[in-house]
Amino acid sequence: MEALFYIFSIIAIFSALMVISVKNPLTSALYIILCFFAIAGFYILLNMQFLAAMQILVYAGAIAVIIVLVIMLLNLAKTKGAIKDFHQIVIGIIAVGLLFLEVILYLNATGEKKPTGIYTNAIINKIGNTQIIGEFLFTKYVFPFEVASVLLLVAVIGAYIFAKK
Amino acid sequence: MNVNDYLIVATIIFCIGAVGVLIRKNLVTIFLSLELMFNAANLGFVAVSEYLNLISGDIFVIFIMVVAAAEAAILLGIAIAFYREKGTINIDDANELKF
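Quick mapping for you: the protein sequence lines, in order, are chains A and B. Counting with this note's numbering, you get residues 1 to 165 for the letters of the first sequence. Counting with this note's numbering, you get residues 1 to 99 for the letters of the second sequence.
Treat the hints as calculated values from the structure; they're not laboratory data. Hints should not be assumed to be uniformly reliable.
[Stated by the list, open to error] Each computed DSSO-like pair below joins lysine-lysine, with the alpha-carbon atoms no more than 27 Å apart: (1) LYS164(A) / LYS25(B); (2) LYS86(B) / LYS23(A); (3) LYS25(B) / LYS23(A); (4) LYS164(A) / LYS86(B).
Can you make the complete structure from the sequences, with help from the hints?
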């Protein structure tokens, strides 16, 4: 478990760095698929196999295919020199570095919090991962679920209107 | 593994994505960095939800995935429209505030 965690984190962080540092957008897209797979591995380590499958199907499948398709349509693979000027890089890295430092300080400052729910890993494995998510999704969270379907409809119409000539 | 380790990895990926949004010019690469930030947030939700023995965080991750898919469709539509208008997707050319 421990070794798997380190392997997944090294792959995820390395591929995330490559996404923002390589010049070719197609290479970025391939590296982000690697990062999605590493994060799916984290979900399996966290005992959420359904989310890992969703991660691979939705992110590494659908979204990555859309991105690669757009890169192909727009013929972007030959664009070069896609980084901003020096001042913007320095200010951006310093600002995000400060953000990182603050989050790490916050994580170290907060004390232990006791688990509040009843769904331990043993109970989740006994009922079944997919079944428990489905029960929550169709009872307690049924209104957000319906709103999400409306959101997808709006996105389909919006994308069609934007890309229409 | 401790929950803090997962949160630290999620923070590192989130910060890499934020740097990518700030320093890259290419619209598609900025979109990929946004997806990295979404994924880091998802990882944090799942880690904390597993630690607190809850399911709500996992349900929220599904809704974030829905929003990310909708955002992907919209933003790539905008990329196609912008490329048709300008012949490039360098965001420094998006300086007119009109369509």
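Hints versus structure:
no.: 1; hint: LYS164(A) / LYS25(B); in the structure: holds, 24 Å
no.: 2; hint: LYS86(B) / LYS23(A); in the structure: holds, 21 Å
no.: 3; hint: LYS25(B) / LYS23(A); in the structure: holds, 11 Å
no.: 4; hint: LYS164(A) / LYS86(B); in the structure: holds, 15 Å
When the structure is compared with the earlier hints, no violation turns up for any of them.
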